[in-house]
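Trainee: Below are the chains, spelled out letter by letter.
2 protein chains.
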Amino acid sequence: MKREISDWFLDLQDDICSNLEVADNGGSFVEDKWERPGGGGGKTRIFKNGNIIERGGVNYSAVFGDVPDFLKKQFPGEKATTFYATGVSIVMHPKSPEIPIIHMNIRYFELGKIAWFGGGIDLTPHYVNQHDAVYFHSELKKMCDKHDQSFYPKFKTEADNYFFIKHRNETRGIGGIFFDHFRANENHSLTDIFSFVKSTGSLFAPLYVSLINLNKSTVYSENEKKWQLLRRGRYVEFNLVYDRGTKFGLDTNGRTESILMSLPPIASWEYDYQPEPGSREAETISFLKKDIDWLK
Amino acid sequence: MKREISDWFLDLQDDICSNLEVADNGGSFVEDKWERPGGGGGKTRIFKNGNIIERGGVNYSAVFGDVPDFLKKQFPGEKATTFYATGVSIVMHPKSPEIPIIHMNIRYFELGKIAWFGGGIDLTPHYVNQHDAVYFHSELKKMCDKHDQSFYPKFKTEADNYFFIKHRNETRGIGGIFFDHFRANENHSLTDIFSFVKSTGSLFAPLYVSLINLNKSTVYSENEKKWQLLRRGRYVEFNLVYDRGTKFGLDTNGRTESILMSLPPIASWEYDYQPEPGSREAETISFLKKDIDWLK
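Read top to bottom, the protein sequences are chains V and H. The first sequence begins at 1 in the numbering used here and counts up by one. The second sequence begins at 1 in the numbering used here and counts up by one.
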């Protein structure tokens, strides 16, 4: 099965890249193939010379080898000595502060006879716009509901909890869905879960292309660009301080350039920046909290 | 004794701030006083409108209260229920890529009857310049040697090991001195160690002012500014991924704005950036390694 999953991920990378190139209408992806010394490798694709996307990467990998320590700790009884992991991860930083940053990751792990999927899609608007937030969450819910009506509420809550910048007491953005260690159970075979993961992966391109098209003509000024750089600073804080994938990658001597492609091209920090009350910036901050039900 | 140490740190903050204002000849520090809910507080001073310093902070704090978990773990046998900590920490990000970033931290801890000092000064030139590196290390050595000839070699090695960005296989800069958990022992009373800490703190302003004056007239172009932003990106990576003070502060609900004042005003990342062979940038990378003996 792992071959089938990995092949599907590879095709998904192609499909997403070509859709983003069409939507950007200017830039294109440049590919870096790499090999992992311990086994396997990947293809990192970086977007260059975009009209709309300033920096973005679509990373595919399929790696295997000796079980890393972090997995041994998670499965103390497990005797398997090798693991297999494959996945696609994406982060897009648009030029316009009116277009949101997006992130998706879908992945599959095998350790001996244990197999599981993980992943999710989440959105980080520089300016939270309720129309887009409702659209984004309703598309995710529609997709989830086709598989299991319990998925959206459960995985939406997990996203709120995961994409949280504790030291700022802010969510990274407006969340989305997030799931991990999703193993076959009485309700869902591994094939069912793979089918859900495929739906998640397939939703990415149409969803983000819509969000681009909805916002690409909105005019913005230097003030909005300044705010965008501050929000990107928060994105850096989340990824370097909390993101498990980043920490895992850096701890296990992963390919640093592929891991840190999630960082923005440029970001800023300002001491104790407080947006003006009533401004769009202040409104955005008010939405950066857990448990907002966008679909009520 | 803790009162004497804390008072000395408070005076040092004043002294360093006025020296930096004179050297900058334009900007000045703005002070934020803050209180820690669990006990104590501090004064954060942020440099504004500088000619030479683009962003910088000099933070003083004296905090006390219930022993935090990280200290309990370090001293499992200890029955004391309260701790005391005071210190000064500084980071300066200059406008010019020809002037180095500098960091100093000196601190004093008490837990029951155990008392110790920690701290250090280290330099992160955007472009490593051998003349400055030799000057910087020789001033540190001279200062250390007045206290104990074993200090410089020992604390220089500790700085090399501490200020290391493992996932980049690069040191943060050219190091300096770093010491921690420095408790009274057969060779040094706590008063001796305090005297060494005072020498370290007192060296900061003259040392950095000299480095400013040596480099402030050097002309630079857009290319050097671009490189500066990439090096600042590495500074962010070190501080958010590895720095113990930052992690401790964020983990223990410290004052986020004071902790993250170490981050640069603006930083950038570029996928797999490789400096041209033979360039000043490539030369700098070649110096970003441990165990360079600048004084041989």
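These are computed hints drawn from the structure, not numbers from a lab. Some hints could be false.
Note: identical chains are not told apart, hence a pair may lie in one copy or across any two.
[To be verified] Within a straight-line C-alpha distance of at most 27 Å, the following computed DSSO-like cross-link-like pairs (lysine-lysine) qualify: (1) K43 x K2; (2) K95 x K225; (3) K141 x K154; (4) K225 x K289; (5) K166 x K43; (6) K113 x K141; (7) K33 x K166.
Trainee: Would you mind marking each hint as holding or not holding in the structure?
Mentor: Hint-by-hint comparison with the structure:
| no. | hint | verdict |
| --- | --- | --- |
| 1 | K43 x K2 | within (17 Å within a copy, 57 Å between copies) |
| 2 | K95 x K225 | both (9 Å within a copy, 21 Å between copies) |
| 3 | K141 x K154 | within (11 Å within a copy, 59 Å between copies) |
| 4 | K225 x K289 | within (23 Å within a copy, 36 Å between copies) |
| 5 | K166 x K43 | between (33 Å within a copy, 23 Å between copies) |
| 6 | K113 x K141 | neither (31 Å within a copy, 58 Å between copies) |
| 7 | K33 x K166 | between (36 Å within a copy, 23 Å between copies) |
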